[in-house]
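Engineer: Note that the protein sequences, when read in sequence, are chains A and B.
For the first sequence, our numbering begins at 1 and goes up steadily by one.
For the second sequence, our numbering begins at 1 and goes up steadily by one.
Pairs count within a copy or across copies, as identical chains cannot be separated in the list.
Quick list of in silico lysine to aspartate or glutamate cross-link-like pairs, EDC-like style, CA-CA up to 16 Å:
1. K294 with D198
2. K329 with D96
3. K151 with E90
These are computed hints drawn from the structure, not numbers from a lab.
Owing to the predicted nature of the structure, the values given are computational and were not obtained by experimental measurement.
There are 2 protein chains.
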Amino acid sequence: MERVTVILGERSYPITIEAGLFNDPASFLPLQSGDKALIVTNSTIAPLYLDTVVKSLEKLGVNVDSVALPDGEQYKTLSVMDTVFSRLLENNHGRDTTLIALGGGVIGDLTGFSAASYQRGVRFIQVPTTLLSQVDSSVGGKTAVNHPLGKNMIGAFYQPASVVIDLNCLKTLPKRELSSGLAEVIKYGIILDADLFDWLEDNIDALMSLDEKAMGYCIRRCCEIKASVVAADEHENGVRALLNLGHTFGHAIEAEMGYGNWLHGEAVAAGMVMAAETARLLGSFEQTDVERIKRLLVRANLPVHGPESMKPEAYIPHMLRDKKTLAGKLRLVLPTAIGQSEVKGGVAHDVVLSAIGCCLI
Amino acid sequence: MERVTVILGERSYPITIEAGLFNDPASFLPLQSGDKALIVTNSTIAPLYLDTVVKSLEKLGVNVDSVALPDGEQYKTLSVMDTVFSRLLENNHGRDTTLIALGGGVIGDLTGFSAASYQRGVRFIQVPTTLLSQVDSSVGGKTAVNHPLGKNMIGAFYQPASVVIDLNCLKTLPKRELSSGLAEVIKYGIILDADLFDWLEDNIDALMSLDEKAMGYCIRRCCEIKASVVAADEHENGVRALLNLGHTFGHAIEAEMGYGNWLHGEAVAAGMVMAAETARLLGSFEQTDVERIKRLLVRANLPVHGPESMKPEAYIPHMLRDKKTLAGKLRLVLPTAIGQSEVKGGVAHDVVLSAIGCCLI
Ligand SMILES: NC(=O)c1ccc[n+]([C@@H]2O[C@H](COP(=O)([O-])OP(=O)(O)OC[C@H]3O[C@@H](n4cnc5c(N)ncnc54)[C@H](O)[C@@H]3O)[C@@H](O)[C@H]2O)c1
Ligand SMILES: NC(=O)c1ccc[n+]([C@@H]2O[C@H](COP(=O)([O-])OP(=O)(O)OC[C@H]3O[C@@H](n4cnc5c(N)ncnc54)[C@H](O)[C@@H]3O)[C@@H](O)[C@H]2O)c1
Ligand SMILES: [Zn+2]
Ligand SMILES: [Zn+2]
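So here's chain A without its partners, still in its complex pose (with noise of 0.2 Å):
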């Protein structure tokens, strides 16, 4: 088992890691008997693996409600939300509930979002089952719901009582979606750990076919990397902004493509190789290092391109929309090594329009 504490004060968590641990009544403390938990999750993930989870928290005594909403990043909303808390009223669940988010990164930031909004905060346990949720998104109390015109837009920063990180569910999992959480496995690599890196050049097919050790330690080393950046910033006011990487850019790909037409992480993926060329242009990354990235990315099943169809000028008013911007000027996350990055300011348009085009096919 591998276990990492987010280091919080009074908010402090675990996550644990292991495989098999849905099956484990003990998996699910601080829940105990007597307990009332209302597990979220969603309609692709429920058959899977809802009755495993209900079968154990019952065996802790907990007495356990569910609802499963409709899969799909277009149900991150304000009004999928409303039916959570209608679910919640109408059976009656007290300040005294917690709210559990089996599934990816879209259920889990809906469900901490209304956890943190139920009666103005409820317990809340994070169950990721996508390699992006376990790595990333259930780790560091970001949560939020989308809005038409933007994503993530509406949340709060709220944190879990504990993270439960079964690995065999990952093999359930479709491919696709698994390389979308490499592309964030690779960028803690690239923004702050150069050991990371070079392990994930040695490890990365026994990822890619769920070798269960190297996944273990692959996604305990995300979490602390997480952990300690969100330990030392919860609020990303300084290093947390780092984990941005890519993302700029990557959330102008989403925007403009539709939201679930390009996953996350390949967005992302483009994303880092936009920010890695950007950095290039700039002198401070060397164009060795943006093709040791790319060739991860590849090996990864990664995009390194963006979309075909959408020119660099496409990119820049959702860029600067990004919550990163101040007064028009783009602040973007550029790496000056593997295994370095830094927020950069006032990036000029053209630098940024040149990066991209270096990214076309």
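Position chain B with the ligands relative to chain A; hints supplied.
Structural biologist: Quick look at chain B with the ligands alone, frame taken from chain A:
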């Protein structure tokens, strides 16, 4: 000028109380030249005060935007919040924007929760225009919207950066709304401050006729009490619960009668009498003090009975849905003397039914 500081470490903030503040740009600090802000108000208040506030902010050099929502408790919903988010996104408000709530408790609660949630939290200034919001809802950081199945069920604890109270705006407030605010004022006297209760017995007529000196003192004293309670217990785990005197009964009345037919303060007034009767039946409160409370409420033009059409049994299901309920047992705030109160768990349903019965006409 009267001034109170709400002491919450880094998130401490000032409450400023004076006639004419809306005309003074300095009232709206910490806003400063170059800042962007969205004023959220409603269709009743906009024609009365929006221009004045906008002019003061423009003098300060603030880039001001505004949105007027429809007026009424029935618009304190997630879907109306969504229109605020649309406005923010359409007009490119970033994380550095400030939301200004110009209105009563409905606008304050909805705007506060919008500020808590927009991009996971932006700055927020309370400009309460009803007595109720000045002495109660604008102080303490509770924000929320309603759900069809329960009032204030969705929200956040989120503190404003400052509270600006212009006494002049009470002149346009309907008299019934003024009385509704006085119910919360009287509540502070009953739960925590016998001197305030005495002072109110001497000065209730001056307050009813909007005597500026009396009103300034009264609001300042109520804000002090609320601020000290909030400072001691921000998240309502202890002493803050006392502020709910009369509210468990009152919420039952509001819910049963349809929100808006009984004003919040009116329902709380009747609810405080019911709480006092409950305490009297339990032998922990004097009959003569029940009478003092009723006399003061009557002088403030407030009801001391529940609605004629509402049977005692009709209260219970609503009361059981209250946030303070634990596992089907009623927990109530009850006075033990004028100026003293307690949270009492496990109150028997039949005592509550008799107490309500004492308050039928
Ligand atoms: N909160 C954060 O810090 C943060 C960080 C990164 C991403 N996110 C958010 O996460 C979301 C993306 O998350 P995601 O990539 O997990 O997508 P997702 O939640 O949509 O899951 C991807 C797909 O895989 C399915 N699925 C999930 N687990 C499965 C399993 N074990 N077996 C079979 N199918 C399974 C889902 O039903 C879905 O169809 C986005 O909304 C993004 O904004 C949040
Ligand atoms: N957050 C908290 O701690 C807290 C505490 C108590 C009450 N509340 C909430 O506050 C709300 C009630 O607040 P309220 O009593 O202020 O009601 P309100 O906001 O509905 O205002 C009452 C009416 O007076 C009008 N009005 C406001 N100011 C005016 C003015 N200066 N001149 C003329 N008309 C004016 C409004 O348009 C409205 O029609 C409820 O939703 C309640 O849940 C919240
Ligand atoms: Zn991401
Ligand atoms: Zn009240």
